[in-house]
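**Q** Start from the sequences and build out the full structure, keeping to the hints where you can.
So the protein sequences, as listed, match chains L and H.
Residue numbers 0 to 309, in numbering that gives the first Met the number 0, belong to the letters of the first sequence in order.
Residue numbers 0 to 431, in numbering that gives the first Met the number 0, belong to the letters of the second sequence in order.
FYI, nobody ran anything at the bench for these hints, they're computed from the structure.
None of these values were measured; they are calculated from a predicted model.
Here a beta-carbon is modelled for each residue, glycine too, at the ideal position from N, C-alpha and C.
Warning: the hint list may mix true and false statements.
Unchecked claim - Okay, derived cross-link-like pairs now, DSS-like style, lysine-lysine, Cα gap no bigger than 27 Å in a straight line: (1) LYS429/H with LYS418/H; (2) LYS346/H with LYS58/L; (3) LYS58/L with LYS418/H; (4) LYS218/H with LYS234/H; (5) LYS93/H with LYS363/H; (6) LYS58/L with LYS341/H; (7) LYS93/H with LYS346/H; (8) LYS58/L with LYS304/H; (9) LYS58/L with LYS244/H; (10) LYS415/H with LYS58/L; (11) LYS285/H with LYS225/H.
Stated by the list, open to error - Across the chosen pairs, the derived CB separations fall in these ranges: (12) PRO75/L with LYS285/H: 27 to 35 Å; (13) LEU70/L with ASN345/H: 24 to 32 Å; (14) ALA201/H with TRP62/L: 44 to 52 Å; (15) GLY274/L with PRO331/H: 41 to 49 Å.
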Amino acid sequence: MPSSEQLAQLILSGITQGSIYALIALGFVTIYNVTGVINFSQGEFAVIGAFVAITLSQKVLLWHGQMTASLEWPLPVAALIGVTTAVVIGALLYRLGIQPSRNASPLSQIVVTIGASIALRGVVLLVWGTDPYRLTPFTEGPPFEFFGAILTRQSVWVMGLTVVFVVSLFLFFKYTLIGKALRASSANPGAARLMGINPRQMGLIAFALSAGLSALAGIVVSPVTFTTFDRGLMLSLKGFVAMIMGGLTDPVGAVVGGLILGVVESLAAGLISSGYRDAFTFAILVIVLLVRLGGFIKGRKGEALERAGL
Amino acid sequence: MKNKLNILISILAVFGLLLAACATPTTEAPKPTAAPAQPTAVPATKAPEPTKAPEVVKGDPYTIGAFISSTGGASSLGQPEADTVTMMAEQFNKAGGIKGPDGKMHEVVVKMYDDQSDPTKAVEAVKKIIESDKAVVIVGGTSSGASVAVNETVTKAKVPFISVASSSAIVTKADGSQHEWVFKTPQQNLPVAMVQIDWLKAKGFTKIASIGVNDAFGKDSMAAMKKAAGDANIKLVYEGTFEPKTTDFSAQITAIKAAAPEAVIVHAVPAEGAPFTVQYRDLGLKFPLVHNHGIGNQAFIDTAKVAANGVLFPIGKILVIDQLAANDPQKPVIDKYIADYKAKFNKAPSSFGGHAWDAMIMVKMALEAVGPDSAKIRDFLETKIVKFVGISGVFNIDAKDHTGIGKESLVMVQIKDGKWLYVAPADYAKVP
Numbered sequence: 000m001p002s003s004e005q006l007a008q009l010i011l012s013g014i015t016q017g018s019i020y021a022l023i024a025l026g027f028v029t030i031y032n033v034t035g036v037i038n039f040s041q042g043e044f045a046v047i048g049a050f051v052a053i054t055l056s057q058k059v060l061l062w063h064g065q066m067t068a069s070l071e072w073p074l075p076v077a078a079l080i081g082v083t084t085a086v087v088i089g090a091l092l093y094r095l096g097i098q099p100s101r102n103a104s105p106l107s108q109i110v111v112t113i114g115a116s117i118a119l120r121g122v123v124l125l126v127w128g129t130d131p132y133r134l135t136p137f138t139e140g141p142p143f144e145f146f147g148a149i150l151t152r153q154s155v156w157v158m159g160l161t162v163v164f165v166v167s168l169f170l171f172f173k174y175t176l177i178g179k180a181l182r183a184s185s186a187n188p189g190a191a192r193l194m195g196i197n198p199r200q201m202g203l204i205a206f207a208l209s210a211g212l213s214a215l216a217g218i219v220v221s222p223v224t225f226t227t228f229d230r231g232l233m234l235s236l237k238g239f240v241a242m243i244m245g246g247l248t249d250p251v252g253a254v255v256g257g258l259i260l261g262v263v264e265s266l267a268a269g270l271i272s273s274g275y276r277d278a279f280t281f282a283i284l285v286i287v288l289l290v291r292l293g294g295f296i297k298g299r300k301g302e303a304l305e306r307a308g309l
Numbered sequence: 000m001k002n003k004l005n006i007l008i009s010i011l012a013v014f015g016l017l018l019a020a021c022a023t024p025t026t027e028a029p030k031p032t033a034a035p036a037q038p039t040a041v042p043a044t045k046a047p048e049p050t051k052a053p054e055v056v057k058g059d060p061y062t063i064g065a066f067i068s069s070t071g072g073a074s075s076l077g078q079p080e081a082d083t084v085t086m087m088a089e090q091f092n093k094a095g096g097i098k099g100p101d102g103k104m105h106e107v108v109v110k111m112y113d114d115q116s117d118p119t120k121a122v123e124a125v126k127k128i129i130e131s132d133k134a135v136v137i138v139g140g141t142s143s144g145a146s147v148a149v150n151e152t153v154t155k156a157k158v159p160f161i162s163v164a165s166s167s168a169i170v171t172k173a174d175g176s177q178h179e180w181v182f183k184t185p186q187q188n189l190p191v192a193m194v195q196i197d198w199l200k201a202k203g204f205t206k207i208a209s210i211g212v213n214d215a216f217g218k219d220s221m222a223a224m225k226k227a228a229g230d231a232n233i234k235l236v237y238e239g240t241f242e243p244k245t246t247d248f249s250a251q252i253t254a255i256k257a258a259a260p261e262a263v264i265v266h267a268v269p270a271e272g273a274p275f276t277v278q279y280r281d282l283g284l285k286f287p288l289v290h291n292h293g294i295g296n297q298a299f300i301d302t303a304k305v306a307a308n309g310v311l312f313p314i315g316k317i318l319v320i321d322q323l324a325a326n327d328p329q330k331p332v333i334d335k336y337i338a339d340y341k342a343k344f345n346k347a348p349s350s351f352g353g354h355a356w357d358a359m360i361m362v363k364m365a366l367e368a369v370g371p372d373s374a375k376i377r378d379f380l381e382t383k384i385v386k387f388v389g390i391s392g393v394f395n396i397d398a399k400d401h402t403g404i405g406k407e408s409l410v411m412v413q414i415k416d417g418k419w420l421y422v423a424p425a426d427y428a429k430v431p
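**A** Here is the structure:
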């Protein structure tokens with residue numbers, strides 16, 4: 000029988016991991032609400048953001064060991080550039096991939112994002128290779144003890160920063176002009192357009208914002224779980240599952256969905272078998288899709304969901 | 000409703016993508032060199048016949064086949080192996096070739112293929128080596144997967160094959176007997192476990208945790224540990240696995256902590272072993288951490304950094320040869336190999352290159368003794384490789400053991416401040 004310490008440890012690890020799923024899912028929801036596209040290259044932004052930050056802040060072998068980067072810039076600068084890189088790539092993806100195909104069906108646009116994710120993954124593989132890399136933890140020091148479970152300092156960073164990002168995102172949507180415009184074009188694109196809101200501009204902002212959010216998630220979690228070139232696909236899928244759990248269009252639901260997913264995975268891996276970690280995620284996905292497409296959280300059906308006729 | 004359908008279809012598409020991704024053989028690194036299966040026949044270095052001595056009679060060339068993963072996921076192992084095979088063939092030919100039992104000097108031709116870390120391509124290469132190149136003996140098979148895959152082909156064609164990969168399944172059948180035509184040079188996992196057990200005994204530990212990667216290598220090593228621990232009356236209080244390429248081990252480490260062992264034995268390669276070590280330290284576990292020989296590679300230290308400090312593991316002697324006693328039987332051989340390799344490639348060789356060195360020397364000894372006859376070469380390898388001092392160990396091959404390295408050929412190494420440190424058996428109780 001698992002002890003309470005063991006349970007506490009698994010739940011803490013689950014929340015850490017779930018915070019990352021939550022951030023990725025938030026990116027999914029933002030893009031979906033504004034443009035109607037499910038962006039499957041979301042996870043790649045996390046990987047690229049983390050790799051850029053790692054390359055700028057520590058010694059890294061590039062191009063199959065043919066080049067060594069040892070810039071050792073301070074972490075905040077490196078992280079900022081990592082996020083910026085992802086933002087630029089996100090904007091480019093919208094400008095070069097999604098906008099030209101705006102008259103195509105949403106399904107075609109989803110395929111565009113899948114194509115982009117494969118291409119980005121290939122680039123990462125070429126530049127950084129297959130080895131796992133780890134960003135230095137933000138603060139050094141012994142871990143904290145918490146109900147008999149160990150909480151590393153980086154986990155505190157992950158949870159704390161997730162709260163900060165989520166809160167500032169909500170403030171942004173609620174109180175800034177751009178945020179309001181984004182919400183308007185999500186609620187009623189036609190009316191928003193009549194009010195002088197440029198939907199293309201909004202799409203561009205949504206992609207850039209989500210890419211940046213993913214990159215932040217990738218950077219804060221890198222000291223805990225390492226970064227490898229092929230992590231993006233799994234992050235995308237987990238983020239997508241979290242988004243579905245939350246009801247597709249609901250940001251709060253996405254965050255809660257991400258956290259639940261992280262904890263369920265961790266408990267399944269710890270109490271049943273680590274081999275079933277991902278199987279549980281996708282079992283949840285199938286159940287949600289079959290039983291309750293509106294998400295697990297009652298009474299929170301977003302208006303866009305109704306609009307979509309789901 | 001249409002939208003709902005779209006989403007469902009897209010989910011299916013993503014699942015398809017995921018499956019497709021899983022189906023690709025391991026992590027395929029980019030392939031810098033195109034030209035997939037072009038036999039890079041090692042430049043048949045026109046033996047610059049040292050002295051035009053008239054008594055040297057030249058015979059027909061001897062053809063050796065080789066298939067090695069120079070590109071792809073296993074390329075970090077395969078590159079030094081391919082380099083070593085090339086270097087050895089050049090050395091043989093510089094000396095005028097191999098002197099066969101007929102008294103003539105035979106030039107050595109190596110037909111080398113890159114299997115791109117893909118077992119299917121390895122089988123194709125071996126078929127080509129046997130059918131069109133007519134090689135009498137084959138070396139190579141960088142990964143355990145490729146080495147196991149070609150077993151049937153070489154057995155059917157009755158051509159001896161010396162593998163440079165480590166899984167015991169390469170040479171051992173399910174019933175414990177040996178595959179007739181297959182030999183291998185890297186150490187088995189069992190002697191590795193025996194060295195770990197020696198250390199546990201020196202420390203007086205009786206309760207251990209054993210955790211490994213869920214693939215051919217990890218499972219073989221875990222089975223070896225289970226057997227060795229059982230023989231030594233050491234209890235496995237925790238046994239667990241993790242999937243290849245996992246980077247989050249919090250669930251397993253939590254369970255290990257709850258099981259409270261006296262030491263933790265890990266069976267992995269740097270790709271998972273390094274992240275495991277980092278998280279193990281992060282989560283504050285204090286039980287000594289012991290890895291197996293899979294992590295004996297600079298990549299482990301580079302990735303795990305300070306977390307690698309104090310890690311213990313058994314491995315072949317080449318890693319710490321400069322710290323071994325001058326009278327170690329393997330020292331002259333290993334020193335010469337390192338010097339030759341450095342002179343030619345301007346970098347230090349790895350233990351993987353050493354496995355290829357051992358295989359090439361065995362081939363040379365067999366050809367000198369029995370000439371280009373596959374059946375006789377097989378018999379020679381099985382009966383005449385006795386007390387052969389190689390890089391990976393001192394070999395004593397017989398019909399019951401087609402590897403032939405005992406635990407004496409392994410040493411315990413501790414990682415300290417990013418360096419490999421030899422631990423003499425007398426000091427086992429003092430580390431970590």
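**Q** Each of the hints needs a verdict: does it hold here or not?
**A** Evaluated hints:
1. LYS429/H with LYS418/H: 18 Å, holds
2. LYS346/H with LYS58/L: Holds. LYS346/H to LYS58/L sits at ~20 Å (cutoff 27 Å).
3. LYS58/L with LYS418/H: This hinted pair holds, its Cα atoms lying about 18 Å apart.
4. LYS218/H with LYS234/H: Satisfied, since the Cα-Cα distance of roughly 18 Å is no more than 27 Å.
5. LYS93/H with LYS363/H: With a Cα-Cα distance of about 14 Å, the restraint between LYS93/H and LYS363/H holds, given a limit of 27 Å.
6. LYS58/L with LYS341/H: 25 Å, holds
7. LYS93/H with LYS346/H: This hinted pair holds, its Cα atoms lying about 22 Å apart.
8. LYS58/L with LYS304/H: 12 Å, holds
9. LYS58/L with LYS244/H: 22 Å, holds
10. LYS415/H with LYS58/L: It holds: about 20 Å lies between the C-alpha atoms, which stays within 27 Å.
11. LYS285/H with LYS225/H: 23 Å, holds
12. PRO75/L with LYS285/H: 27 to 35 Å: 33 Å, holds
13. LEU70/L with ASN345/H: 24 to 32 Å: Roughly 27 Å apart at Cβ, these two residues keep to the hinted range, so it holds.
14. ALA201/H with TRP62/L: 44 to 52 Å: This hint holds: roughly 45 Å between Cβ atoms.
15. GLY274/L with PRO331/H: 41 to 49 Å: Holds: the Cβ-Cβ distance is about 47 Å, inside 41 to 49 Å.
Hint compliance for this structure: every hint is met.
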